[in-house]
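Asks: Chain by chain, the residues:
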Amino acid sequence: MSVRVQREDFDVGAELAALAAGNKRVGAITSFVGLVRDLHVREGYHREAVSAMTLEHYPGMTETALEEIEAEASKRWPLEATLIVHRYGRLEPGDRIVLVAVASPHREAAFEACHFLIDWLKTKAPFWKVEDTPKGEQWVGAHEGDDQAAKKWER
Amino acid sequence: MSVRVQREDFDVGAELAALAAGNKRVGAITSFVGLVRDLHVREGYHREAVSAMTLEHYPGMTETALEEIEAEASKRWPLEATLIVHRYGRLEPGDRIVLVAVASPHREAAFEACHFLIDWLKTKAPFWKVEDTPKGEQWVGAHEGDDQAAKKWER
Amino acid sequence: MKVKYFAWLRQKVGTSEEDVSPPSDVATVQDLVTWLSAQSARHADAFSEAKVFGAAIDKKVATFATPIAGASEVAFFPPFTGG
Amino acid sequence: MKVKYFAWLRQKVGTSEEDVSPPSDVATVQDLVTWLSAQSARHADAFSEAKVFGAAIDKKVATFATPIAGASEVAFFPPFTGG
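So the protein lines, in turn, are chains A, B, C and D. This note's numbering puts the first sequence at residues 1 to 155. This note's numbering puts the second sequence at residues 156 to 310. This note's numbering puts the third sequence at residues 311 to 393. This note's numbering puts the fourth sequence at residues 394 to 476.
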């Protein structure tokens, strides 16, 4: 169980290889990588070009929030290892933002836990995005779909 | 959209990096890696040590089946790229068996399509596993859970 | 017509592949199973397995009712267990 | 007591962090918002934004009713948009 918040890029292959290296109870590794898109669809219709994005976070609180999300996943599913790596700072379209990876004996647990981690991260970890668009800097608003996605995991 | 059936191992990092390289419409990449476990839980209770596993397939039919599964996923979700790599031959605990990866503009589509691909692969692609156990060679029986997992995607 | 066997069906029949020329009244996959079962004790044993098995005609999944007319390759196998 | 601002709240207030000493009747997060809004036009503008914002006390998410007694750090921010 491990979380990292960093400015630098990460190597997905190396992270996944290290996730549960040598653990022969692991039958399934799932991962999610979020990337910067060159287009932001606002309110479902209006499309805006994005030339860059800057991610801000709340040092100290972020790490704690991510660890709590991981702990919750580990309570719900039989997991052998989890990893969350989230970047901050200036990113361009095509750049990686976040990696979530889960190792479990079982495929269903690995899928559900990975999906849960990114859904909860989006609504429970203190990150904020501002995008460079032709209209200037625009703060990304909370996405209603994200709240709904997070809610489906509520107990 | 690409499928490969091969004896050799694969490099997860390299495969994911190549999946949608340079495509800035991609916001989400999900992946599933299946690995050989050192334990097989038969009928939910009886546990048996597994020292190796041999995967057999039906050359020609396998590739077609995997391509059909990918085509079905592409019909159901907005996908920018998909990849299935499945190994055959003799594998040991800890070895990778299969990689399924999906690139999409959207996270939900990426998760659902990846999950769908591995669920359908398990019941629709002609692979068979035989395990080396303390009792000798044992063919892996079809897993009822796999049928149920595949059924949830039926329309 | 080529007949292929996979996994434990291959082991029981004792070959992965054979050429057969069933008479013309062997019309469906089920007919072929019955006819093959009469060819040898090994075939009879393989097909008598209580466990379910499936078939493909020319690399497409078939049912036991599917006609085999024109088929160049019929395969028999246990349920798939990949992934 | 340290007060922190993030994202557009930081831009509107014009600082990421400030030390404040509110009077003792400023008991809850809501009280602190009201008191800060009276300190400057920028604060008032930031907190008047129709868009929702949230708060944390000592790096734990708080509600507007949470008491701030004993807090060493209160943070204000828009809804999270990570991932």
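Worth flagging that the hints you see were computed from the coordinates, not collected in a lab. Please note that the accuracy of each hint is not assured.
[What the hints assert, rightly or not] Dumping the calculated DSSO-like pairs for lysine-lysine here, alpha-carbon to alpha-carbon at most 27 Å: (1) B:Lys179 - C:Lys322; (2) C:Lys370 - B:Lys306; (3) D:Lys452 - A:Lys75; (4) C:Lys370 - B:Lys290; (5) B:Lys230 - B:Lys290; (6) A:Lys124 - A:Lys151.
Asks: Under the constraints set out in the numbered hints, which ones does this structure not fulfil?
Replies: Of the numbered hints, 1, 4, 5 do not hold.
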